[in-house]
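Chains as they are written, first to last, in the numbering used here: chain A, 1 to 248; chain B, 1 to 248; chain C, 1 to 132; chain D, 1 to 132.
Treat the hints with care, as some may be off.
[Stated by the list, open to error] BS3-like cross-link-like pairs, simulated, lysine-lysine; straight-line CA separation at most 27 Å:
{"no.": "1", "chain 1": "B", "residue 1": "Lys165", "chain 2": "C", "residue 2": "Lys109"}
{"no.": "2", "chain 1": "B", "residue 1": "Lys186", "chain 2": "A", "residue 2": "Lys186"}
{"no.": "3", "chain 1": "A", "residue 1": "Lys73", "chain 2": "C", "residue 2": "Lys71"}
{"no.": "4", "chain 1": "A", "residue 1": "Lys175", "chain 2": "A", "residue 2": "Lys165"}
{"no.": "5", "chain 1": "D", "residue 1": "Lys60", "chain 2": "D", "residue 2": "Lys129"}
{"no.": "6", "chain 1": "A", "residue 1": "Lys223", "chain 2": "A", "residue 2": "Lys244"}
{"no.": "7", "chain 1": "B", "residue 1": "Lys73", "chain 2": "A", "residue 2": "Lys231"}
{"no.": "8", "chain 1": "D", "residue 1": "Lys106", "chain 2": "B", "residue 2": "Lys76"}
{"no.": "9", "chain 1": "A", "residue 1": "Lys223", "chain 2": "B", "residue 2": "Lys191"}
{"no.": "10", "chain 1": "A", "residue 1": "Lys76", "chain 2": "C", "residue 2": "Lys109"}
{"no.": "11", "chain 1": "B", "residue 1": "Lys146", "chain 2": "B", "residue 2": "Lys191"}
It should be emphasised that the hints constitute simulated quantities derived from the structure, not laboratory data.
As a plain string of letters, each chain reads:
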Amino acid sequence: MVDPRISVISHRLSGISRIIAVSSGKGGVGKSMVATTLALTLAKSGYRVGLFDIDFTSPSTHIILGAQNVQPKEEKGLVPPTVHGLEYMSLIYFVGDNPAPLRGADVSNALIELLTVTQWGTLDFLVIDMPPGIGDAILDLVRLIKRIEFLIVTTPSLLAFETVKKQVALLCELKMPIIGVVENMKMDKAKGITGETGKLGLVYLGEIPFDPQVEDAIGDVAKLLNTAVGKKIRQIADSVILAKKRAP
Amino acid sequence: MVDPRISVISHRLSGISRIIAVSSGKGGVGKSMVATTLALTLAKSGYRVGLFDIDFTSPSTHIILGAQNVQPKEEKGLVPPTVHGLEYMSLIYFVGDNPAPLRGADVSNALIELLTVTQWGTLDFLVIDMPPGIGDAILDLVRLIKRIEFLIVTTPSLLAFETVKKQVALLCELKMPIIGVVENMKMDKAKGITGETGKLGLVYLGEIPFDPQVEDAIGDVAKLLNTAVGKKIRQIADSVILAKKRAP
Amino acid sequence: MHEWALAEAILTSAKQIAEQEKLKEVTEVTIKVGELQQVEPPILRFALSQMKSDIFKSAKFRILKAKSTLKCRVCGTAWQFNFKKLDKATAEAIHFVPEVAHTYIKCPKCGSPDFEIVCGRGVWLQDIKGAK
Amino acid sequence: MHEWALAEAILTSAKQIAEQEKLKEVTEVTIKVGELQQVEPPILRFALSQMKSDIFKSAKFRILKAKSTLKCRVCGTAWQFNFKKLDKATAEAIHFVPEVAHTYIKCPKCGSPDFEIVCGRGVWLQDIKGAK
Ligand SMILES: Nc1ncnc2c1ncn2[C@@H]1O[C@H](COP(=O)(O)OP(=O)(O)O)[C@@H](O)[C@H]1O
Ligand SMILES: Nc1ncnc2c1ncn2[C@@H]1O[C@H](COP(=O)(O)OP(=O)(O)O)[C@@H](O)[C@H]1O
Ligand SMILES: [Mg+2]
Ligand SMILES: [Mg+2]
Ligand SMILES: [Mg+2]
Ligand SMILES: [Mg+2]
Ligand code: NI
Ligand code: NI
Ligand SMILES: [Zn+2]
Ligand SMILES: [Zn+2]
């Protein structure tokens, strides 16, 4: 018995120029915030952009977007609804606010299913919001989408950066391209990770300040793009646009 | 073919009075910080305490503890080394600083193996530091250790609390006891979650301030216990000690 | 008609296999659809017939239905999934992504959502017959 | 001698099964040990013999070795694990927790650590014979 889904995935993604996974071994560093704001920023600049939330058991992007009362359309697959200019796909269409207790094998299967049936159409960028850890989601992305590029998010904390280092080691070993590292939630006095990033041979894409205003902007996209975080991500977006795919 | 390991787990844990999983659907809320500091605080109060890090792909507790050059002893199983007074078990003994790319099924298998072979001896408390998400680790703990109690960590952020709500819904449905909710990284102006916690029928165990000093105390246990975080967790430890097991 | 996307996957996969086996023409493709996903054979068949071309021109599609067995990881109970009990929205969600069954279905004995989908999950390619 | 803990698991599990099957005496227990974990049959046998009591008093322990097959999820390559190539510390780590193989072993063809341990992982209880 052959699983026919795998064979069609690259065809399904063939209309997409660049696929960027916003990733971090560590949880709570701002992956969802960066992924959502980056996608919105790229869309505002006139690019066609998709956002795919694959943190299936703890999705956040729908809350940041304030996405409500939207559903994909069934049409030769599933066509994602447009939310604030983004072709937006998430498991929440199918589970709502209910818990989705999925083991790794289920995460893998759900990811493959959505990659098989989602009709993204023509996009300049597909931004993928990842779960933390080094598990099924990242291993499947690497396996199924060879041309994926990683954008790594960390905080200045040793706990985050030590974890990120392991993920970078894994990606390097797998020869996956890394666009660079974003240092999120930087406090004024915090010792940065610019030097450390360089030592890993990675591009430092910039620091995003810790901005308490961000909380109030959750669910309000216009407000979000106007926070210090939104403004900084505009600069980071430029680097992302310019980045050539490069193996680390 | 029968997997013989499952049958011996409850026997292996039979010398432990209370098993507390420090948990949160959300990553980066301070699970590892709270779990480690709570375990250290209980040990300082004279209890016999174990700490078990089961965030296998992104472990943090060894960094917070500054645990170095320790290994379990092979003796009718694996006897965890004592680190700052804690019987301490982590996958890092076996992988060091290298990435451990484990799918969910591997996490499950490694967890079952360690539960099978670890000789905890007699303990008043075993504190378990959990990975984020609702996946293999939490499903296996619930399945294998019926008497486990959950301590939920969240931040005041909507993103964290919405995720935590789902996890609480799951635990309630499974009739697992929840000791209460700790609100970590509370900033002065942040709107708290005391009311929301009450609405869920859960005990609010207190707020831990956002304390930039904590970063400097990572790896230095004495310093950590003296931060605002350490002091607050001393009070929370009292509630934990007093908490009767209760189904939510 | 999201079945169209699944049908395309079947044809793409079948073509790859036919090429490996150096088949010039495929005469029969056997497909297994699991009950859990509630893919309707007539809809799938229609999608396949619309899309089939070149080596599949004269291919027949046999679509077999597989019962869906779920097995609880907590208490070991195995049971047949009965999708008639589900309301329409839930059935549709599972139709699109079978794994969300873990959100809606519980073990009939112990109430746990921690069950294994032993068989009958989705769409499988079972066999290909053809001429070299 | 962490095998002692595994032996205890085997006896606990075997006893549960014997009780279910209402056996008064167990005559033979067949155990399968996977090569990946490098459990030495003599050590396991010694541990079992030290711990066996009541219904196991006259039980024989058959310990079969199972080759360990790993299969790459990226490129599909299947291969036999050869633990002789590992240094001592790595071999010991895998001995304690076979899953850490994903940290040290890569697919010989594509270099990926994303492989399935198809068989020969750990210790299994294969069969129990006894008298009612
Ligand atoms: N630059 C920032 N300043 C302040 N808060 C932030 C910033 N970035 C993220 N946050 C907050 O931090 C928490 C974690 O962010 P999130 O994007 O959910 O992380 P992840 O997806 O990595 O788990 C959220 O509460 C979010 O609102
Ligand atoms: N009360 C606090 N004040 C300041 N920083 C904190 C506090 N609690 C945790 N942190 C920091 O927040 C980050 C996430 O904490 P961690 O314990 O690793 O979370 P988790 O285990 O939930 O992923 C770490 O960098 C940690 O040092
Ligand atoms: Mg996130
Ligand atoms: Mg659209
Ligand atoms: Mg942690
Ligand atoms: Mg000790
Ligand atoms: Ni459909
Ligand atoms: Ni041993
Ligand atoms: Zn059950
Ligand atoms: Zn390979």
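Cross-check of the supplied hints:
1. Restraint check: the Cα-Cα separation between B:Lys165 and C:Lys109 comes to about 25 Å, which is no more than 27 Å; the hinted pair holds.
2. Between B:Lys186 and A:Lys186 the CA atoms are separated by roughly 17 Å; this keeps the pair inside 27 Å, and the hint holds.
3. Restraint check for A:Lys73 and C:Lys71: not satisfied, since their Cα atoms lie roughly 32 Å apart, outside the 27 Å limit.
4. This hinted pair checks out: A:Lys175 and A:Lys165 have alpha carbons roughly 15 Å apart, not beyond 27 Å.
5. Simply put, D:Lys60 and D:Lys129 have alpha-carbon atoms about 10 Å apart, close enough for the 27 Å limit, and the pair holds.
6. Straight-line distance between C-alpha atoms of A:Lys223 and A:Lys244 comes to about 31 Å, which puts the hinted pair past the 27 Å bound.
7. For the hint linking B:Lys73 to A:Lys231, the alpha-carbon distance of about 53 Å lies beyond 27 Å, and the restraint is violated.
8. Under the criterion of a C-alpha separation no larger than 27 Å, the hint pairing D:Lys106 with B:Lys76 is inconsistent with the structure, at around 31 Å.
9. Restraint check for A:Lys223 and B:Lys191: satisfied, since their Cα atoms lie roughly 19 Å apart, inside the 27 Å limit.
10. Proximity of A:Lys76 to C:Lys109 is assessed by CA-CA distance (about 38 Å); at most 27 Å being required, the pair is judged violated.
11. With a C-alpha separation of about 35 Å, the suggested pairing of B:Lys146 with B:Lys191 is violated against the 27 Å cut-off.
Hints 3, 6, 7, 8, 10, 11, counting from the list given before, are not met by this structure.
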